[in-house]
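J.: Listed below, chain by chain, are the residues.
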Amino acid sequence: MMRLPKFEYRVPREISEAVKMMADAGPDGMFVAGGTDLYPNMKRRQQTPKTVISVTRLQEMRAIRGDAETGIVIGPSISLTDICNHPVINRDYPVVAEAARLISTPLLRNMGTIGGNLLLDTRCNYYDQNYEWRKGINFCMKKDGDICWVAPSSPKCWAVQSADLVPVMVALGARVKLVSTLGERMVTAEGLYNDDGINYLHKRPDELLTEIHLPPRNGMKAVYKKLRRRGAFDFPVLGVAATLDRAEDGTVRDARLILGGVAPAPIRVKEAEGILVGHKLDQERMAAAAEACYLKARPLDNTDFLMNWRKQMARPFVLRALEELR
Amino acid sequence: MAEYKWPEPEKRSLIGKRISRVDGPAKVSGKAKYTYDIKRPDMLYGKVLRSPHAHAKIVSIDTSAAEKMPGVKAVKVIQEPGTEIKWAGDEIVAVAAVDEPTAEDAIRAIKVTYEKLPHLVVEEDLSAAGDNAKPAAEQTAGEPEKAFGEAEVIVEGFYGLPVITHCCLESHGSISEWEGDQNLLVHISTQAVSNVANQIGRPLGIPAANVRVKQDHIGGGFGSKFQVDRWDVTAAQLSKMAGGKPVKIMLERDAELMVAGIRPSAYARVKVGAKRDGEIIAWQSESWNTGGSGGGGSPPLPYVFSVPNKHTQHTGIATNTGSARAWRAPNHPQGCLVTMSALEDTAARLEMDPLDFFLKNIELAGRFAEVYREEFAIAADLMEWKKNWHQRGAKTAGPVKRGLGLSLHTWGGGGHGSNCDVIIHPDGSVEVKMGTQDLGTGTRTAIMMVAAETFGLPLEAIKLMIGDNQFPTSGASGGSTTIGGVSASTRRGTLDALEQLFEKVAPSLNVQPADLEAVAGRIRVKSDPRRGLSWKEACMKIGGTAITTRGRNPGPGTLNSSGVGGVQMADVSVDVETGIVRVNKVVAVQDCGLIIDLKTAESQVYGALIMGVCYALYEERIMDARTGRMLNPNMEFYKLAGLGDIGELVVHMMTGKAYDERGVIGLGEPPVISPGAAISNAVANAVGVRVPSLPLTPDRVLAALQYPDREGGSSKNGGNDAGI
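Same order as they appear, the protein sequences are chains A and B.
Numbers 84 to 409, taken from our numbering, label the letters of the first sequence in order.
Numbers 1111 to 1834, taken from our numbering, label the letters of the second sequence in order.
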């Protein structure tokens, strides 16, 4: 049975205490919320913190306030189940609840949190294996090794961004608050992610995600489409998040199209957005936007399914997302 | 002497009814103990160091660091330097330690060096197999060349299904402990409680008579747990090295998927010749497969249909992968998928409804032709086949296309050798003891039903003891032979015991023993049912010594037989823009002779259909050509269907006089044979082209739609030449 390595477990009651503990722990420290990502990774020795600081007792991080008019602030340690069932989320930002319902299984949604999903480790067939398996191939560059088995000549790691809420948050124009002993700052969701499978976040390890801000909704409509092998549960091998804001006459004022699960970071396809903005949604424009997304998707062979097919799927998935918004 | 037959339908109080399994409450409440759950006093934990390479020679092994670690009680080299290792995951060294963490640390402290050798781990492309391909059986019947010359329609196709694993939810393993140096107690996860002692005694150099074997419950076997494995022998050796303390080795999940059994793959190029009216006259196939480094058998081709003129050739490919074991109906799902796909393609070329096409040729199915005919009529009704079937390629608007497919299958399932002791105590309590096992199929329930039926008692009046080799030997649970064996031995043993009881009771009622019957908790006079004794009163006539009989199979009278037929139909929806397949409904109509417990029989079929949906749509072992490793040795990447993926399942069991008369026949395997073929045929019907290989993943479906002539469509297996 895979077992956890030994580590020190700390449970702060306030954010200020939590970030102080992290500063004390240094590079061997990690925050944990539901643990559905970190603990299995620790069992496989993919992540090996010596000090694990739980954020589950930080009351400040468990509330939701605001509404569609003001925008809302979501506490990142709210469980995914609570996000799925939350009346304000379902009323004002239903796409967040819909995407949350597609994450994993009920049991894991009971433990996993919305913040944890946004910070989910990148994934790869050659990385998400137990220690002995990875040791057998001399590891990979994401952890303990030198090579990328997906693209051996590549200087960078291609592990895949695989969290369903990530493209959704980028599409919604969310911002997050990051806190450390050095102070706090707000970062856009779009700016949070980095196109590198190892350093996949523009967030220092000592920074704690304490708030998720969604802007006022105005007339915006949003949708998320997920591709996976099993309807019952699986990580996405492609996720499409789309938002549209249209004038009375149907002209698109603003659009966002984000692809998840096909690169180390979510991909915002500005070309596709440009095709839509300032025009009415017709079949031709939607097809052109879908084509632009297809061109930008660049999956590699490191998840389930053939990579060519995953790239191809960008077309119908974007098209269907737009049709649903029309 | 008793007359050995089953009671007439009107006299049955339990047999043929839907009875819930007796161990259900223990299982759902967690009280049932599986081998994995067993914890013995002072137990040590064994762990196995496995080869990271698919093909290599062991150069050196240094266990010194592990041996010095505190808490490590024994270290055993399983394969010595110089040995050639033929698959990744093969056992090299084992350790036993006071707890799992210590054992794992010890494993990691062992240093093994290897000389790596070239490996072959994929086999879909026969031409790439080189010397690893060994041509096997070649068979000719009739005059295939002449028949193809006379054929009015010739259809050629490529079909395949990949290696899958057994994926038992309880992994393989055992706990061994010694009493002195000659007596061994083994708790083991096994499909053959009565066979373990002999298998493990031999390599350990002790008599089978000195080995006690126990198993209460098993978490799946599917054919992979017939034999004592090397790690079981190792556990016993480690135990001995550690002074006899219990040593537990249960496989880790990755090892379970890499080394504890596979279903061989099968790929085939097929040519079918037929007349314009649908008569099949010729078959030709070139097939290949892998069963790991050893053989994997060959699929029966053509399956069920004895095409009069045929030529078949098969090639086995040795690969550097874990070995084949019997997988629920060995070779049949492969033969079925290839045959039923090729025949459905032929029907499609003829623009015939495959149901009409199959029925036109049903006489080629031999002995069960009539059974299939009857079953197809029922299945067609349950599926509304005539209303819902359309010519290949749904013409409906929108991207989601619906289609229907069908298949048929056969299996043996004759009862195995079985013995039991039946005891009626003077106080009226009843024991049945048998060295069999309940694979989760409901064997306990069936045995108790048979005994209770014979004695006219309620189910709970029977005390059944199984899962221990101190009870009379009974066969391995494989080949769907258990129900036929245990029901017959129990029936004979209980009838004999009842006859003895009648002899004791008859004088007090002034009748002959033959005038008595056991009904509803009473022993009574057949001609005057008011005259009689309660079961308890009757047993008081036994005297001081309990009645004890031995039930046997085989034995007198006809209580079981062999051979069944079944048909299945599938209804699917396929999104032709994405390739995603959804199973809407599967109908299974199955014959298994006389049914003991209708509920557990139906459960067997439901379970088989779920397993079938898994291998039709999701399941495959993915080997990485570059590293020689299995890429999905865990339950996340090895995809089994979730509850939401199954669709509606409709099960109809054939019952009635003609079926009852054949006696009891096994059921575990047959219904898992057809789902792959029925679902593949339904997908072909929906989208208009054949998706050549299972599982019917969306990338394969879309590739088949885009390149209908490409052999093999697409496969992830072995693929990984991704550039940037």
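Don't take every hint at face value.
[As the list claims (entries may be wrong)] If you anchor each label on the Cβ, the simulated ranges turn out as follows:
| id | chain 1 | residue 1 | chain 2 | residue 2 | range |
| --- | --- | --- | --- | --- | --- |
| 1 | A | V156 | B | G1134 | 26 to 34 Å |
| 2 | A | P177 | B | K1127 | 43 to 51 Å |
| 3 | A | Y92 | B | P1191 | 42 to 50 Å |
These aren't lab readings, by the way, just hints derived from the structure by calculation.
Positions of the beta carbon are idealized from the N, C-alpha and C atoms, including for glycine.
J.: Against each hint, give a clear statement of whether it holds in the structure.
T.: Taking the hints in turn, this is what the structure says about them:
no.	hint	result
1	A:V156 / B:G1134: 26 to 34 Å	violated (49 Å)
2	A:P177 / B:K1127: 43 to 51 Å	holds (49 Å)
3	A:Y92 / B:P1191: 42 to 50 Å	holds (43 Å)
Going through the hint list in order, the structure does not satisfy hint 1, though it satisfies all others.
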